[in-house]
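Participant: Now for the letters of each chain:
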Amino acid sequence: MGYVAIKGGGRAIAGTEAALESLRCAEGEAGTPLSLDAIEQQLRLLTSRVVSEGGLYHPRLAALAIKQMQGDTLEAAFALRAYRSTKPRLLDLPLQETGPMRLIRRISSAFKDIPGGQMLGPTTDYALRLMRLDLADESPEAFRAVSRRFLDGVDEATLPDSFPKVVDALRHEGLLLPLERNATTAFDITRDPLVFPVPRSAALATMARAETGSLLAIAYSNMRGYGDVHPTIAELRVGYLPVMLPHPVSGEPVEIGEVLITECEVVAMYEAQEDASVEGDGTENQTSPPTFTLGYGACFGHNETKAISMAILDRALQKGMRDGPSNPSEDPEFVLLHIDGVDSMGFASHYKMPHYVTFQSDMDRLRTTRDKATAAPKPQGDSA
Amino acid sequence: MNPGYELPLDEAAYSFGFLDEYAKREVRRTILKAICIPGYQTPYASREMPMGRGFGTGGLQVTLSLVGPGDTVKVIDQGADDSVNAVNLRKFIELTCPKVDTTEHTRDASLIQSRHRVPEMPLTEAQVLVLQVPYPDPLVVVEPSEARRKVMHGEGDYSRLLTKLYEDIVQFDEITISHRYPTRINGHYVIDPSPIPRYDVPRLHHCPALILLGAGREKKIYAVPPYTRAEPLVFDDVPFRTEDFRDAQGQRRACARCGTRDSFLDELIDDDGNKLWQCSDSDYCNSQLASGQDSTREVAQ
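Going down the list, the protein sequences come from chains A and B.
Counting with the numbering used here, you get residues 1 to 384 for the letters of the first sequence.
Counting with the numbering used here, you get residues 1 to 301 for the letters of the second sequence.
Since the hints were made in silico from the structure, they are not lab data.
Just to be clear, a hint being listed does not mean it is correct.
[Stated by the list, open to error] Straight-line Cα separation of at most 27 Å, DSS-like style, residue types lysine-lysine; simulated pairs: (1) 67(A) with 24(B); (2) 372(A) with 164(B); (3) 87(A) with 150(B); (4) 87(A) with 24(B); (5) 24(B) with 91(B); (6) 372(A) with 33(B); (7) 150(B) with 352(A); (8) 164(B) with 87(A); (9) 87(A) with 99(B); (10) 33(B) with 150(B); (11) 91(B) with 352(A); (12) 352(A) with 372(A); (13) 164(B) with 24(B); (14) 372(A) with 67(A); (15) 99(B) with 24(B); (16) 150(B) with 164(B).
[Stated by the list, open to error] Which chain A residues stay away from chain B? Per the calculated CB distances, all over 12 Å, these: (17) 135; (18) 353; (19) 368.
Glycine included, each C-beta is placed from N, C-alpha and C at the ideal position.
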């Protein structure tokens with residue numbers, strides 16, 4: 001009698017590892033292994049994406065993950081996230097001010113000029129997307145000369161350290177509500193599960209490590225018409241944020257390092273009268289004059305698309321939390337439970353695993369109902 | 001970004017059970033709460049594991065938080081110890097849990113992690129069964145919002161689930177839920193018992209072993225404590241039905257390998273295109289083959 005064995009799982013898995021590794025090294029004799037420095041520096045936006053989606057600011061490990069996962073951002077972020085699971089949380093970081101960030105870029109689309117000036121910095125925004133064929137066969141000499149020349153003849157003392165924040169000017173004019181210092185500690189999504197309704201800090205944390213494409217897709221739905229944020233970028237800044245910690249003895253804040261982050265603040269219109277009528281018992285809005293509202297986005301690394309998408313969704317979710325969602329991008333459950341790359345990619349992959357026991361059950365139900373349908377046709381002859 | 005610092009290579013050696021001790025303690029506390037409120041989906045801050053969400057990360061966190069030196073762990077997927085995912089998880093447990101034994105024998109295991117099956121061999125009080133869960137909430141088929149589902153669970157409001165079952169009967173003359181059959185625990189909370197076949201549902205009822213269900217991606221742990229009622233959701237006049245393994249003559253099919261007629265069977269198609277049936281539980285099949293070879297042959301004939 002024939003007998004089918006489901007054996008050899010262990011050997012099969014070892015085989016996949018070897019096959020995968022052989023593809024990574026498929027250049028053979030002519031190949032040079034990628035150095036982590038090259039990935040971290042030359043593929044800096046890829047590294048940015050992985051530290052942000054991995055939720056761990058460790059560019060070096062991110063570069064390793066990118067190399068190991070052969071450039072798959074989802075897998076690389078996943079490896080970083082899994083590494084994070086082995087580390088205890090040592091302390092809560094106090095609130096960090098982004099004012100003193102060392103900026104490499106800051107723009108505002110709300111104003112022609114802003115205090116400190118528009119600083120375009122490193123951006124492809126206005127670059128022509130023409131293929132630079134000279135890079136295809138780049139000489140190491142030319143490559144090295146670029147960084148040598150860039151700051152040539154610049155007096156470093158004349159370079160500004162930091163810039164005032166644009167939204168502070170709007171606040172000063174009363175167009176934005178004053179900042180409310182929230183006394184409660186921020187929700188830590190790595191230590192507490194999301195049980196809805198969740199505070200805004202939980203939403204922000206979830207979005208900060210969300211998968212860029214997922215965040216963009218839902219934010220885009222809001223921009224296009226399934227929502228009404230109509231954002232204006234008050235300020236988008238990219239730079240190095242000094243991380244401050246209280247000194248263990250003196251309690252004075254001490255800079256312990258810096259992280260590259262992208263921060264975006266969008267302002268959106270806000271009709272006070274309308275909101276007052278929607279909000280049955282919200283009396284405070286009825287008397288206050290209309291103001292702009294703010295959407296906030298920030299993430300590790302240099303990732304402007306992500307920060308903008310997050311800021312738009314923050315504004316959309318605030319509206320949804322207050323008035324009830326009128327489209328998917330305003331629904332905290334819909335947005336926050338579907339933007340994590342590790343979760344969504346893992347679940348999509350799991351369908352590749354064997355499911356033959358459940359499929360057996362499915363066939364049993366289908367056969368039984370089909371038998372019943374053919375044996376005893378329903379007198380009414382309805383859709384069944 | 002700052003070049004010039006070294007990778008934390010000294011930190012690459014993982015702690016026992018991969019997770020840091022705080023994480024394991026948190027999972028254990030969640031388990032205790034889950035046992036105290038049978039069937040309640042206890043939220044916890046699920047950690048990312050180094051295998052895909054959906055591959056058993058919830059079950060694995062439960063297993064790794066409970067396992068200690070002296071334990072013997074069995075891992076199965078679809079009932080088989082040698083299924084690729086079971087091999088992978090077992091390998092990971094062996095790698096991160098020194099001094100923990102692994103086994104393929106249900107009888108010898110103190111902790112069994114399983115996907116999609118409850119082992120055929122009756123479990124004992126000395127054992128813990130950990131089931132991997134993709135969808136923890138049976139209400140998800142009738143209510144997408146988790147916040148609203150939580151209220152429905154609290155109020156024991158399963159009317160929409162019952163309506164779905166009723167509509168099935170009206171439309172198909174049969175309840176069409178094949179696996180993940182909604183099961184009421186201790187008379188209150190209805191759980192998704194994980195994608196076990198209906199065949200396995202009655203075996204949760206008054207089971208002497210502690211049954212823990214872990215959903216990693218959905219960040220929930222729930223439990224069926226030992227000797228607790230576990231009743232599939234049915235109507236008084238429509239009995240619960242398990243998978244039908246009778247042939248055209250109405251005879252219960254036997255396993256083509258060991259000959260037993262009292263196990264859940266996988267339907268296979270061999271190289272010649274013939275259909276045959278075989279135990280899904282590989283350890284059960286092997287033990288039937290080894291011990292009762294003669295007696296089962298008689299039954300098979």
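Participant: Evaluate each hint against the coordinates.
Facilitator: Tested hints:
no.	hint	verdict
1	67(A) with 24(B)	violated (30 Å)
2	372(A) with 164(B)	holds (19 Å)
3	87(A) with 150(B)	violated (32 Å)
4	87(A) with 24(B)	holds (12 Å)
5	24(B) with 91(B)	holds (20 Å)
6	372(A) with 33(B)	violated (44 Å)
7	150(B) with 352(A)	violated (31 Å)
8	164(B) with 87(A)	violated (45 Å)
9	87(A) with 99(B)	holds (22 Å)
10	33(B) with 150(B)	holds (16 Å)
11	91(B) with 352(A)	holds (19 Å)
12	352(A) with 372(A)	violated (32 Å)
13	164(B) with 24(B)	violated (39 Å)
14	372(A) with 67(A)	violated (56 Å)
15	99(B) with 24(B)	holds (18 Å)
16	150(B) with 164(B)	holds (19 Å)
17	135	holds (22 Å)
18	353	violated (5 Å)
19	368	violated (6 Å)
Consistency note: the structure conflicts with the earlier hints numbered 1, 3, 6, 7, 8, 12, 13, 14, 18 and 19.
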